[in-house]
Each structure stands twice: as C-alpha cells, then as structure tokens.
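**Q** The listed protein sequences correspond, in order, to chains A and B. Going by the numbering used here, the letters in the first sequence line up with residues 289 to 614, in that order. Going by the numbering used here, the letters in the second sequence line up with residues 534 to 854, in that order.
These are calculated hints, taken from the structure and not from any lab test. All C-beta atoms, glycine included, are put in the ideal place defined by N, C-alpha and C. It is possible that some hints are incorrect.
Here are some chain A residues pointing at chain B (derived, C-beta under 10 angstroms) [as the list claims (entries may be wrong)]:
(1) T302
(2) E303
(3) D358
(4) G375
(5) I377
(6) R378
(7) V384
(8) Y386
(9) T554
(10) K555
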Amino acid sequence: MLKTTVVGNYPKITEDKSAPNLRSALNRFDQGRISGEELEKVYQETIKRVIREQEDAGVDLITDGQIRWDDLVTPFARNIDGLEIGGLIRFFDNNVYYRRPVVKSKLAFKDYSTVEEFGFLKQNSTKKIKAVIVGPFTFAKLSKDEYYNDIDKLILDLAEILKKEAQKLEEVGAEFIQIDEPSLCFSPEKIDLANQAIKIVTDGLKAKTFLYLYFGGIKNLIPKLFDFQVNEIGIDVVSKPENLNLILDSSFDKELILGCLDARNTKLEDEEELLKLFERITQKFSSERIYISPSCGLEFLPHEAALAKLKRMVQSVKKFNLSGND
Amino acid sequence: MLLTTTVGSFPKPDYLVKARNLFSRKKIGEEELKELERKATQEVIKLQEEIGLDILVHGEMERGDMVTFFAERLEGFGISGLVRSYGNRYYKKPIAKGEIKRTRPITLQMFQYAQSLTEKPVKGMLTGPYTMCDWSFDEHFPTRRDLVLNLAEVVHQEALDLDQAGAKYIQIDEPAISTRPAEIDLAIEAMRMVTDGLKAKTISHICYGDFTTIYPKILNLAVDQLDLEFANNDFANLEIFKNPRFTKEIAVGVLDVHSHIIEKKEKVKENIKKALEVFPLEKVYIDPDCGLKTRTPEEAEAKLKVMVSAVKEVKEEMGLN
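Based on the sequences and whatever the hints tell you, model everything.
**A** As structure tokens, then:
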C-alpha cells in the first residue's frame with residue numbers, strides 16, 4: 289500500500305468567507321484593533337482548519353501547515369542567540385521572500401521554536417503527525433555569516449542547536465521528524481559536511497526521521513545521499529524530472545517520500561498520469577517503502593488549488609492501492 | 534554624463550491607495566480611479582523635476598504587481614487566488630491558460646500622458662517576458678520556453694508602440710533572470726525578440742539575485758543598458774564586473790530601497806567614485822537600487838535629493854559641469 293503525506297506548509301488563508309481569516313486578524317492586530325488573545329484564537333482556528341482539511345482529504349501523515357511560520361528559517365532564528373533577523377531576500381527560484389538571518393556572534397541555543405505548536409497539532413489531530421524542522425545546512429546557506437568565516441563550523445554549531453529541538457520534539461511525542469534541506473541540491477560538493485550535520489541532529493533519536501530535498505536535482509548527491517543517518521529520504525521529482533530516473537536506477541534500503549504533484553503550479557495532475565507514475569515506482573520499490581507527497585510545501589499555491597492537489601493525490605493513491613497493484 | 538534617473542515605481546499617495554481599495558470593492562468607478570491616477574502621476578512628474586532628475590519615470594501609479602498588471606490586460610491569462618509573498622502580504626498570481634494575445638496597447642496611454650507633462654524624457658516601462666513567465670502559473674504551454682517566447686512577441690508589440698510614440702528610453706525589467714542562471718539563454722533569446730528594431734535606448738533592470746552566476750553572460754542581453762543594484766550589498770558586486778570588462782551602459786543603484794534610513798551624501802559620493810573606477814564615466818547613470826514603491830513618499834523624496842546632490846558634487850569635483 290502506498291501512503292500519502294505532505295511536505296510542510298499550507299496556505300494560511302482561504303477564499304471561504306466563513307473560515308477564520310488570519311490575514312485580516314493580523315492586520316487588525318497590527319492596527320491595535322484586536323488583542324493578542326483574539327489573534328491567538330484565530331491562529332488556533334486556522335490551524336484546526338488546516339488539520340481538518342488534510343484529515344478529510346485522507347492524507348496519512350500530516351503536519352500543522354506551519355501556519356505560524358513566515359518562512360523556513362525565521363521561526364528558528366528567533367530562538368538562537370548570536371543571530372539577527374535581516375532583510376528580505378528571494379527564497380530560491382520562487383517569487384516569495386524570506387528574512388535572511390545574519391550571524392553576528394557564536395551561536396547558542398536560546399529556546400525551543402516548534403515544540404509548543406507541535407503539542408497543539410498533537411492535541412487536535414486524529415491522524416499520524418509529523419514535526420518539521422529546517423536542516424542545519426540549509427539554515428547556514430540561507431544566512432549571512434558575519435562571524436564564523438567558516439561555513440563548516442557554522443553548520444556544525446547549528447546542528448547542535450537543532451538537535452536540541454529534535455530531541456525535545458521527540459520527548460513531547462513526535463514519532464516522525466522531518467528535516468528540510470533544499471539547499472543541499474544546490475551545493476552537492478558539501479555533501480559530506482551535510483551528512484555529518486544531519487548525523488548530529490538525528491543521533492540517538494528513536495523517532496522516524498526524514499530528510500526532504502526539494503526544488504532541485506539530486507544527480508550529484510547520489511550515492512552518498514543514501515548513507516545519511518535518516519530513515520527516509522524525500523525527493524522532488526517534479527522540479528527535476530530526472531530525479532525519478534536517478535532514484536529508480538539506484539539501489540539502497542531507505543524508505544522514500546516522492547514528491548509527485550507539482551506544488552508550484554496550479555495545473556492539476558491528471559489521475560491517469562499519476563497512476564502510471566505510481567506503477568513505474570512500484571515496479572522497482574515495494575509500495576510499503578513509499579510515501580507519495582506534493583513536490584514541496586503547498587503554500588506556493590492559492591488555497592483552492594492546494595486543496596485540489598491534496599484530494600487528487602489521496603484519491604489517485606487510493607485508486608492505485610485498490611486496483612491491487614500491490 | 535552621470536545622468537540621474539529612477540527604476541520605475543514611486544510610492545502611491547494615501548488618497549490613491551484608498552481609491553484603489555474602494556475600486557477593488559466596486560465602491561467607485563473606473564473613471565474616478567483613473568482621474569486620481571493621473572493626478573498622482575502629475576505629482577510624481579513634478580516631484581522629479583523639482584528634485585532635478587534627468588530621465589523621468591511615470592511612477593506606475595496605475596500598477597500593483599509588475600507582472601499581474603500586464604497579465605490582467607492580456608488575453609490568455611487568468612488570475613489565481615491569493616498567494617503569500619511574505620509576512621502578511623499576499624498577491625494574485627497570473628495563470629497562463631491559453632495562447633497569450635495583446636488586444637490593445639497596455640502602457641501607451643499612461644506613457645503619453647506622463648510625457649505630455651514634461652520636457653524631460655520619460656521612460657517607457659515594461660516587464661520582460663522571462664519574468665512574466667517565471668512569476669506566473671502555467672496550465673497551458675508544453676514548456677517554459679513556449680510561454681516565454683509567446684510573451685516575448687506580446688512585449689515586443691508593446692515596445693514598438695512606445696517606440697513609435699516617441700519614447701527615448703524603453704526599460705524592460707527582468708528581475709527573475711538572476712534566480713535561474715540555468716535559463717539565461719532563454720531569457721536572452723526572448724529579449725532579442727522584444728528589442729528587435731527599436732529606435733529607443735533600451736534598458737533592463739535586474740535585482741535581488743546572485744550576479745556571479747550570470748556574469749558575463751548577461752552582457753549578451755539585447756539592451757543598451759543594464760540597471761543593477763549596488764547599495765544593498767554595499768557595492769560588493771562591483772568586484773564581479775571588473776573582469777571581464779563590462780561592455781554596456783550601466784545604471785548604478787546607489788540607494789537601498791528597502792531601508793528607512795536616508796543615505797549620507799558623503800557615502801553616496803564615495804560609492805559613485807568607486808563605481809567610476811570600474812565603469813567608464815561616459816557609460817554610467819545613477820539611480821536607486823530598485824523601485825521606490827515600498828518607501829514612504831517622504832523617504833523617497835529625501836533619498837532622491839541626497840542622490841542628486843551627491844551626483845552634482847561628484848561632477849563638480851571632477852570638473853564636469
């Protein structure tokens with residue numbers, strides 16, 4: 289049986305007028321028209337909606353949609369000593385921005401970043417749930433270093449800090465922890481260092497760990513990628529279609545998440561095409577080893593399109609599983 | 534020599550922000566909105582003349598997002614629901630749903646209006662085909678190249694109209710080029726189509742990316758002038774353009790448009806002089822890093838005054854006046 293999951297973020301607002309409107313709540317909060325408590329209530333209602341939409345669609349392994357995150361790094365940057373949160377800069381080849389952390393002095397753990405929100409997800413979901421953290425390699429690559437002058441040291445310090453986050457997530461009940469490392473696709477020459485950093489983060493964890501690479505190619509990461517100390521590897525086979533062949537031609541024993549639906553384009557995948565794709569994948573790998581997911585977080589899409597993708601993904605996987613292709 | 538200009542957008546006055554809001558909720562009509570856009574354009578032209586800029590822009594009072602503005606006026610595009618760009622800011626992203634066609638000129642009327650208000654040249658302002666493709670969803674075209682080349686044809690028609698209407702400068706912005714170095718050949722091919730046969734001086738503005746990955750290839754972009762940011766990287770980018778030598782005209786960004794802080798004149802002068810060590814004087818223009826629309830009107834004015842005054846003093850010191 290193929291299973292389904294998501295990569296992480298999800299649209300924070302919807303066109304549905306009856307749904308909690310986080311955008312307008314944030315505006316009203318900025319203008320002093322609602323209190324912090326009222327804003328918090330809208331956050332919680334929004335997260336519950338996002339959980340419900342994934343559950344109703346039938347996704348097997350869900351996230352909280354990262355509704356409180358402005359971007360992949362800022363939620364963590366706020367809780368690390370030695371960093372300042374810098375100016376806006378484009379996030380990979382997407383027409384969206386993130387705030388670039390600026391490293392000003394030796395980094396040190398200050399506080400947990402995602403533990404509380406993971407607790408909320410746990411309380412409010414009935415499905416299996418996944419915690420997501422940024423990887424130390426990507427965090428360093430997206431930062432501006434004004435202190436270390438040595439990216440290796442910066443990455444290893446970040447790994448120690450993120451390790452604390454992962455350990456605490458496990459302590460409060462996370463059975464699945466995903467580490468996002470899109471930057472690795474664009475700096476394959478640093479794979480040994482990234483491997484070392486991920487080992488620091490995952491050492492001693494009993495939770496199932498995922499390493500997710502999106503936006504880029506894995507050509508120059510093979511075969512070393514399969515030695516990383518994680519249980520599963522997530523690959524975007526949409527942004528770089530050649531990734532699929534590379535995976536199908538490799539031998540390894542890790543489990544896989546395959547990002548098969550384009551989370552950066554509104555065009556809805558054809559069900560027949562997806563079934564053919566699943567067929568190709570399961571000819572090589574046992575379906576028990578595979579999660580199907582969108583190619584990256586769904587927040588690059590407007591809500592309506594994101595939800596349509598979720599539904600299409602789950603329905604085509606169900607159909608595939610029912611057709612006895614197993 | 535050392536002519537001053539700006540990249541394109543100016544901050545919208547409060548009355549126009551309100552009017553655009555009312556218009557989107559259908560509380561006021563199109564004519565009423567257009568009247569206020571013309572009023573704001575007049576103010577922007579007057580402001581630029583007062584500050585003493587050499588090459589003016591119309592200020593883009595009628596535009597929101599630089600891609601969506603065009604997509605909304607072209608056949609073949611739909612517009613998506615809201616997508617978040619950062620923080621609590623959202624925009625509607627174009628969706629290519631069929632062959633893209635231009636049914637009438639899009640920017641001509643506003644250009645002609647702005648040019649009629651001043652003796653100084655006003656730039657024609659377009660968004661490039663590569664950026665239009667990169668910042669849209671595509672539900673129709675088999676490949677990105679198909680969409681880019683279709684858009685190149687459309688932007689070319691618009692550029693020809695501006696050229697025939699007497700625009701001395703036509704700027705075709707391609708900020709997305711620097712984010713996907715692997716596709717630079719496609720962007721170059723498309724720009725060749727856009728500027729083919731134009732009499733006007735052509736410019737392309739590119740920003741917020743890593744130029745090391747696209748230089749010197751970017752010198753093949755079929756425009757006379759590149760307009761690049763330098764202030765927001767504290768002129769570190771200058772190093773890139775030393776070798777091989779930069780061959781086009783260059784507009785050097787000397788104001789950080791994402792900072793509230795008004796630059797110090799001495800610092801701007803110093804930076805202009807640094808740039809003149811890399812680029813030949815006769816090819817250098819001076820402007821801000823990017824459009825000014827995210828600044829307050831007061832900040833924009835103060836920054837531009839510092840810039841113009843810095844250029845004036847540099848020229849005097851060099852005995853150019």
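**Q** Run through the hints listed earlier and report the numbers of any the structure violates, in increasing order.
**A** Hints that this structure does not satisfy do not exist here, as all of them hold.
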